[in-house]
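**Q** Chains A and B supply the protein sequences, listed in that same order. In my numbering, each residue's number is its place in the first sequence (first place is 1) plus 92. In my numbering, each residue's number is its place in the second sequence (first place is 1) plus 1.
If you are wondering where the hints come from, they were derived from the structure by calculation, not from laboratory data. One or more of the hints may lead you astray.
Said to hold, decoys possible - Far from chain A, by Cβ distances over 10 Å, these chain B residues were calculated: (1) Pro15; (2) Glu16; (3) Gly17; (4) Asn28; (5) Pro45; (6) Glu57; (7) Gln64; (8) Arg67; (9) Ala68; (10) Ser82.
Unchecked claim - Simulated pairs of lysine to aspartate or glutamate, EDC-like, Cα-Cα distance not exceeding 20 Å: (11) B/Lys43 x A/Asp179; (12) B/Lys3 x A/Glu150; (13) B/Lys43 x A/Asp103.
As the list claims (entries may be wrong) - One side of the interface only, derived from the structure: several residues of chain B facing chain A at Cβ under 8 Å: (14) Ser50; (15) Tyr52; (16) Leu88.
For every residue, glycine included, the Cβ atom is placed at its ideal position computed from N, Cα and C.
This is what each chain is made of:
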Amino acid sequence: SAVISQKPSRDICQRGTSLTIQCQVDSQVTMMFWYRQQPGQSLTLIATANQGSEATYESGFVIDKFPISRPNLTFSTLTVSNMSPEDSSIYLCSVEEGGGSSYEQYFGPGTRLTVT
Amino acid sequence: RKEVEQDPGPFNVPEGATVAFNCTYSNSASQSFFWYRQDCRKEPKLLMSVYSSGNEDGRFTAQLNRASQYISLLIRDSKLSDSATYLCVVPGNTGKLIFGQGTTLQVKP
Chain A
93 SAVISQKPSR DICQRGTSLT IQCQVDSQVT MMFWYRQQPG QSLTLIATAN QGSEATYESG
153 FVIDKFPISR PNLTFSTLTV SNMSPEDSSI YLCSVEEGGG SSYEQYFGPG TRLTVT
Chain B
2 RKEVEQDPGP FNVPEGATVA FNCTYSNSAS QSFFWYRQDC RKEPKLLMSV YSSGNEDGRF
62 TAQLNRASQY ISLLIRDSKL SDSATYLCVV PGNTGKLIFG QGTTLQVKP
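Please model the complete structure; the sequences and the hints are all you need to start from.
**A** Encoded structure:
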């Protein structure tokens, strides 16, 4: 499977500031995804990032709050804007691999964000 | 019915025990199913994919019951290192993956 890295691995930020999280993949992938995992919760999809088009956001997530870039097939960024303590969470990027009817998702190590 | 539902546990079992987790799903059109393992403070890692009636990999067996819309994960001969949270993942109505809340397993010596 693809090797996925994320930067930063963790950060502590003040409310009102913004943080950009980077996701790098060691191979070209079409589909990249950004998830959030709040403390004690399971994963929630924020958006799907495809190269060459606008990201597709899930219900409850908007571009102004979580702008996403996807400049090429190996890289994406997620920005958490105007942060509040409720944004404290783990943010994970994932990629989809496979073919035909068999696709699987693999995750980066995550970015642990604490907003004070 | 929730899109994906799991018993959160925790399941506390002794080493060597056999343990099974169930997961129910609502989207009857789902064709693929996944079990992920997530260790504390780590990312989920794909444990097993299920595209037909089931899958087996060593001590781990996943079985699918389409009529009742549930999948199970069976772990035989539990090891201490099996302690983790196991996430059931199913494509939802829009095709996006829906993650269950996870079932926590604690294997004790």
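**Q** Could you run down the list of hints and mark each one as holding or not?
**A** Hints, one by one, checked against the model:
Listed as outside the interface, B/Pro15 is consistent with that label: its C-beta sits roughly 26 Å from the nearest C-beta of chain A, beyond the 10 Å cut-off. Distance check on B/Glu16: its Cβ is at least 27 Å (rounded) from any Cβ of chain A, clearing the 10 Å threshold; non-interface status holds. Remark: the non-interface label on B/Gly17 is consistent with the geometry, its nearest Cβ contact in chain A lying 29 Å away (cut-off 10 Å). The non-interface label for B/Asn28 is consistent with chain A: the shortest C-beta to C-beta separation is roughly 15 Å, beyond 10 Å.
A beta-carbon of chain A comes within 10 Å of the beta-carbon of B/Pro45; the shortest separation is about 5 Å. With a least CB separation of 17 Å from chain A, B/Glu57 remains clear of the 10 Å interface cut-off, as annotated. Chain A leaves B/Gln64 outside its interface by the beta-carbon criterion, the shortest separation being 18 Å against a cut-off of 10 Å. No Cβ of chain A comes within 10 Å of the Cβ of B/Arg67; the nearest lies about 15 Å off, and the non-interface call holds.
At roughly 21 Å, the least C-beta separation between B/Ala68 and chain A is larger than 10 Å, which holds for a residue marked as non-interface. Non-interface call for B/Ser82 relative to chain A: holds, since the shortest CB-CB distance, roughly 19 Å, exceeds 10 Å. Using a Cα cut-off of 20 Å, the hinted pair B/Lys43 and A/Asp179 holds, with the two alpha carbons roughly 18 Å apart. Between B/Lys3 and A/Glu150 the CA atoms are separated by roughly 18 Å; this keeps the pair inside 20 Å, and the hint holds.
Among the hinted pairs, B/Lys43 with A/Asp103 is consistent with the structure: their alpha-carbon atoms are about 16 Å apart, no more than 20 Å. A hinted interface residue such as B/Ser50 counts as satisfied when its beta carbon comes closer than 8 Å to some beta carbon of chain A; here the least separation is about 6 Å, so the hint holds. Using the Cβ-Cβ criterion of 8 Å, the hint placing B/Tyr52 at the interface with chain A is satisfied: the shortest such distance is roughly 6 Å. Given the 8 Å rule on beta carbons, the hint for B/Leu88 holds: about 6 Å separates it from the nearest Cβ of chain A.
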